[in-house]
Amino acid sequence: MSTPLIQLSGVKKSFGPVDVLKGVDLKVYPGRVTALVGDNGAGKSTLIKGLAGVQWYDEGRVKFEGEEVSLTTPRISSALGIEVVYQDLALCENLDIVQNMFLGREELQQFTLDESAMEFAAAKALQSLSVRTVKSVRQKVSSLSGGQRQTVAIARSVLRDAKVVILDEPTAALGVAQTEQVLNLVRRLADKGIAVIMISHNLQDVFQVADDIAVLYLGSMVAQLETKKTNHNEIIGYITGLKTQKEKA
Amino acid sequence: MSDNITINTGHEGTALDQIKAYGSRLKSGEMGALPAIGALILLMILFSALSPYFLTPINFANLFTQAATLMMLSAALVFVIMLGEIDLSAGVTAGTGMAIFVKLHLDGTPWLLAFGLAFLFALVVGWFLGYFVAKVGVPSFVISLALYLALPGVMLIILGDGGILRLEVPEIKAIMNTNLPLWGGWAMLGITIGLTLAMGLWDRSRRTKANLPTRPLSILGIKVAGIAVLGGAGVAVLNLPRSLVITNPIQGVPTVIPIALFILFVGTFMLDRTKFGRYMYAVGGNPEAARRAGIKVAKIRITAFMICSVLAMISGVFNVSRIGNVESSAGRAIVLSGVAAAVVGGVSLFGGRGRLVHAAIGAFVIAIIDNGLGLLGMPAGIAYIITGAVLTVAATADALARKRSGGPLVRN
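Taken in order, these protein sequences are the chains called A and B.
Residue numbers for the first sequence follow the numbering used here, so the first one is 1 and each next one is one higher.
Residue numbers for the second sequence follow the numbering used here, so the first one is 1 and each next one is one higher.
To be clear, the hints were calculated from the coordinates, so they are not data collected in a lab.
Certain hints may be false.
What the hints assert, rightly or not - Label-pair restraints from in silico Cβ distances:
1) B:D203 <-> A:E68: 43 to 51 Å
2) A:E180 <-> B:G190: 20 to 28 Å
3) B:G294 <-> A:G193: 23 to 31 Å
4) A:K228 <-> B:D17: 47 to 55 Å
5) B:D203 <-> A:Q204: 46 to 54 Å
6) A:D88 <-> B:K223: 33 to 41 Å
The structure displayed is predicted, hence computed values, not measured ones.
Just so you know, even glycine gets a beta-carbon here, dropped at the ideal spot from N, CA and C.
Starting from the given sequences, assemble the full structure and let the hints guide the process.
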């Protein structure tokens, strides 16, 4: 395999007396979907927040494209091309798709908003992900379904030229058909050469879309396996702590 | 991949398709100012049927001058209501500012300097409110209520024992008491039409250049024709002689109209076409999403309160120009009518939705109720009751529209 886009080694984080991350290693590769699984309290969110720059790690090294970086603010992460799509999506329902996709980084022409340029780029980004479910890019987000909203949030990261997209439970609140749509989208995201990290509780989704599966158990990375070399039972074993043998990649 | 986009943008189709799309937006609850426009037309028909004085040129002109103060205050409030906030002190801020202005002028300060100081006062008050709301975290209702209680006291101290001071600045009196020359009204209409046309064509050319579909030209044509017909009728009526005394002819568009139009235009331009405007809507819609998108939410909030205070001060100027003096109760009663006007016009108190023109239309609805019932010789009490009823209907429509479009019924 090529060099990892992100490599975490020995990452630790504690809140007072509670050690949430106890020396985590993780490798994430471009063009691959890495599923991050683990029970509640395993440290998935803390691990992600560190990558997003929202909350930095106490110890450990983060290498991005082989270079050591320190992710201390969201701005730094964002500048490197790390985008997080949170579970609550953080979209403004009163704005339309284009306005949401460009929120905070609007394109301007002589002090006024360059609506045509933004509309074009937004439509392009959606098209590049083969999104066909939205009626118009000028639809208000309030009129979109859950899956469509997820699509908009993911497309926003594509628009920002993300190299890594972190998805926090992208299918949590979706029905069967919409889950399928979003999983297809996740696949296409990786096919564009983006490294995707997907947090999920749904192993069916994980096995359908992920290339690698990383399992956290009580703040330790107990396994990082290729999906095709493992199975449901093994992963469940790692998640529940029945299997604890650490696998070297 | 080709350079063409295949996803729709809402600009496709014939004029008929566009009108159909507009209809389906209305059905889905995005009604904007339409209910208020309907109410406006209904009230106009009702009052012209009931009173022979309602449709006279003099009453038409009076309506504009009566509505101007409320309209400007309501437009001011839109900036904070849009964020889901409120400024109960907007009226008394304006009153206090005008008291400062009139008092300083009477004490010998050049009027322009005194005028500028009043607006400086507005900026300070707006910043104060915004700071407490955005940084300290006091609810805007409470902090603006505090000013609502305190500022009349400041006014009382400034105005002295009499509690009232006369305005002696002819330039300010002129706003409400003079009219444009006859050609001025037509020039105003011409500029309005020219600007609408120019901006429409400019947007079109940008879209064409970007390889995007454009709406049929006829849509722009309908818009411009609408402005030309309605505006033309308005200017024509206002240009008719309307004085009741033959020796003192009054005719022409009241000076306040182009001033108010200009301010509305600048405000609307800012909200629709600048980053600041986009961020206003974003913060009003979902402050957390705005924050995560890198928007400085506190800064936007503070700026909104400052704009609100400044526009409120302009409404104060209109008021003092009309009545010719400042008293210590100035601005206390009108602020709630201002909120009512905004809501009647279709601005959502839940935040995130509203335009300045909505406030203007809402203000006209309330002004017409006042004016029409006055002409019919109804007691003032009836006007209050009806205004309250209209507000109830408007607020209900807002809540139902939100329910239908799936938005939260409770502010988050």
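Evaluation of the provided hints:
1. B:D203 <-> A:E68: 43 to 51 Å: 48 Å, holds
2. A:E180 <-> B:G190: 20 to 28 Å: Check failed, 58 Å falls outside 20 to 28 Å.
3. B:G294 <-> A:G193: 23 to 31 Å: Hint holds: Cβ distance 25 Å, inside 23 to 31 Å.
4. A:K228 <-> B:D17: 47 to 55 Å: 50 Å, holds
5. B:D203 <-> A:Q204: 46 to 54 Å: Check passed, 48 Å falls within 46 to 54 Å.
6. A:D88 <-> B:K223: 33 to 41 Å: 39 Å Cβ-Cβ, so the 33 to 41 Å window holds.
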